[in-house]
Amino acid sequence: MPHRTFTRRSLLAAGSAGMATLGTGLLVPARAAGVAPTPTMRGGANNYLPGAPVVDRIGGGGFWMTGTVRRAGDGAPLAGQRIQIWAHTTEGHERDPHSHGATLTDANGVFRLEMPQIVPAFGQPHGHLAYDSGEFDTVFLRPVMPSSSDTSLEAHFVLQPL
Amino acid sequence: MAAVDRHRVRTGLIWATLAGAMLSPVGLAAASPLLAWRDPVYVTGGFAGILAMSLLLLQPLLATGVLPGLSQAGARRVHRWVGGSLVGAVVVHVAALWITSPPDMIDALLLASPTPFSIWGVIAMWAVFAAATLAALRRRLRLRPTTWRAAHRTLATAVVITAVLHTMLIEGTMETLSKAALCALVIGAMAAALLTIRSRKRRAPQKRRPETTVPTEDAGG
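Just so you know, the sequences run in chain order S and D. Sequential numbering from 3 applies to the first sequence in our numbering. Sequential numbering from -17 applies to the second sequence in our numbering.
Don't read these hints as lab results, they were simulated from the structure. For clarity, every value in this text was computed on a predicted model and none was experimentally measured. One thing to keep in mind: the hints can contain errors.
[Stated by the list, open to error] Derived list of chain D stretches under chain S, where covered just means 3 residues or more per stretch with a C-beta under 8 Å from a C-beta of chain S:
(1) 85 to 99
(2) 151 to 162
[What the hints assert, rightly or not] Pair ranges (Cβ atoms, derived):
(3) 41(S) x 123(D): 41 to 49 Å
(4) 68(S) x 17(D): 41 to 49 Å
(5) 84(D) x 136(S): 52 to 60 Å
(6) 64(S) x 23(D): 39 to 47 Å
(7) 106(S) x 85(D): 21 to 29 Å
(8) 44(S) x 118(D): 47 to 55 Å
(9) 42(S) x 84(D): 12 to 20 Å
(10) 106(S) x 14(D): 49 to 57 Å
(11) 42(S) x 55(D): 54 to 62 Å
(12) 118(D) x 66(S): 51 to 59 Å
(13) 129(D) x 41(S): 45 to 53 Å
(14) 64(S) x 133(D): 47 to 55 Å
Just so it is clear, CB atoms sit at the ideal spot from N, CA and C, and this is done for glycine as well.
Isolated chain D (complex conformation) (with noise of 0.2 Å):
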């Protein structure tokens, strides 16, 4: 009894914390100052964007299954729905940033941009469209399991290292420490899946498939 509490309590807790880490860098933002002076287009497009970086902390999380409560093919399913929702906030970012400033937005996908935050945050863009068409086309691409995941692992990879660059380096409606830890954050758990990966590999080196026979943490919820 008191172990099935304490499992609880354990869950509750990782499940508050992450809610925390997510939506705390989007409750500062909301009460920046910077806010005044932006039309409703251009806040959309700022938060859209702050979004895209909370939601990129929970896909390596769910993406290695770790986080309790979630069976490993649930897991799946809403790193499925989460990358789907990642693509629309990254569309919306850059929709309505191309409303407020064309100039600025043409010169940006151009790679023409004089701010080079603008050049990481197209550079992370294709990275997150790449990944997500990959997704999409798993089963028609016909790829070797380990290849596909391989794949879309190294653009996962790159979408956080540049997603975190365009955000450390702008001045903008996000407040500076909680960037940073959500930055960290981002990296953080994204290291901790490429390396949890690693060790199921070689836990299981015989098999084509290692990941898959990595039993299921905490099936039960």
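In isolation and in its complexed conformation, chain S is listed as follows (with noise of 0.2 Å):
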């Protein structure tokens, strides 16, 4: 006597269920990755010079461009990351040498660096910021300043290991 476990219908119902449950992604393994990595910002690139160098303060200063460098998965905060910033400022185009430079993080992964002013250029009040070190994935960041009057700048790094 035949004794079939699924018809059709069943082994369809079956099928689609796991196929959906598959879909949500509920059956993923639990990963110990909290923190996703900070994706690359469009425009974050333009007019990056590599190399700028690791400076005291951008000419005259006067403007704080302030932020976190941490490693995607636990949050770690990451000591000693090279990061690179430049920006439209009082003193300069984007694109001229002496519009950029770099600052290191500390032993909480925050970094700090002095600049001048950054003034509305390409029709938003924004700043940029790179980290291409090669220890984790390269990341271009593009923040806007909410007003144009600000006199601090934040962007935040979640970098993923290579």
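Mind assembling these two chains? They're in different frames, but the hints should get you there.
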């Protein structure tokens, strides 16, 4: 006597339910990763000049670019990471080499670099930041100031190990 | 005599208002503090854009021939010249911004820019070029006059809408109030022109070319 465990109907039903479950991602193994890596922003790399020197301050200063650098997954702060910064400021265009500078993160993964006041250029008051030291995936950011009268701007990196 | 004077005063007032509406945004932008931190090429690029916006205000008024002191034929001729200048201003705007920051302009032209106003600007540019090409090839294209006009009018409407979006979303050298006023006037002039054309068509429904049958306003000047 034939004993059919699956009818065609139950097979289709079970199959599609299974596919749907996979599709939702419910069966993906638990990841230790909580913190997703920061994607590169559109236009972030515009007017990038590789190898900007680490400086105490870009130009005369008066404006602060601040932020943090963390590792993707566990979110651990990354010390000693080189972040390059450039913008259109009261002292020069984005493409001018003297508008570019770099700084290193401290033990808490925090960076802070003084630079000239950022002024609106190409329609928005914005800055550019880059991580491209090679230990993690390269990331370019292009944060926009909520107001052009702001005297500081923040940008945060979560880097994906290579 | 008094009627002639009143007419002259009215004509003068209309042209003075128009000149003020076109020139005050340029004048106020010339006082922008941002100019101090821009090189001459960048400044030129910005002003070419502002000038293009001012010229845009003239086009619907000239196309419908509602400006006093100009015959219908004269208005058409000026409309063509202003259209050519508009194309020139857009070319200077794009070229100067390209020189100022090539990657930003390339992103914009490829519609890959992070800023939505660049995408509106590029659409406006192509619509200006298309409307001008249509005008330059008017005879050679041999379209039916109604078809040609509908196409030119559609492109012109697209230019107005996208150029206004582009301008309003930009934080640049233009002073906020005069910018908003100019944009409102450009939209108003375009809307008025579309309504005028519609009512003229209704008034002469049997004619094939309704616009040319309308008597010129103030042919004597």
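Structure-based check of all given hints:
no.	hint	verdict
1	85 to 99	holds (count 8)
2	151 to 162	holds (count 4)
3	41(S) x 123(D): 41 to 49 Å	47 Å, holds
4	68(S) x 17(D): 41 to 49 Å	29 Å, violated
5	84(D) x 136(S): 52 to 60 Å	26 Å, violated
6	64(S) x 23(D): 39 to 47 Å	26 Å, violated
7	106(S) x 85(D): 21 to 29 Å	26 Å, holds
8	44(S) x 118(D): 47 to 55 Å	36 Å, violated
9	42(S) x 84(D): 12 to 20 Å	19 Å, holds
10	106(S) x 14(D): 49 to 57 Å	37 Å, violated
11	42(S) x 55(D): 54 to 62 Å	57 Å, holds
12	118(D) x 66(S): 51 to 59 Å	53 Å, holds
13	129(D) x 41(S): 45 to 53 Å	47 Å, holds
14	64(S) x 133(D): 47 to 55 Å	53 Å, holds
Figure legend: structure checked against the earlier numbered hints; hints not met, in rising order: 4, 5, 6, 8, 10.
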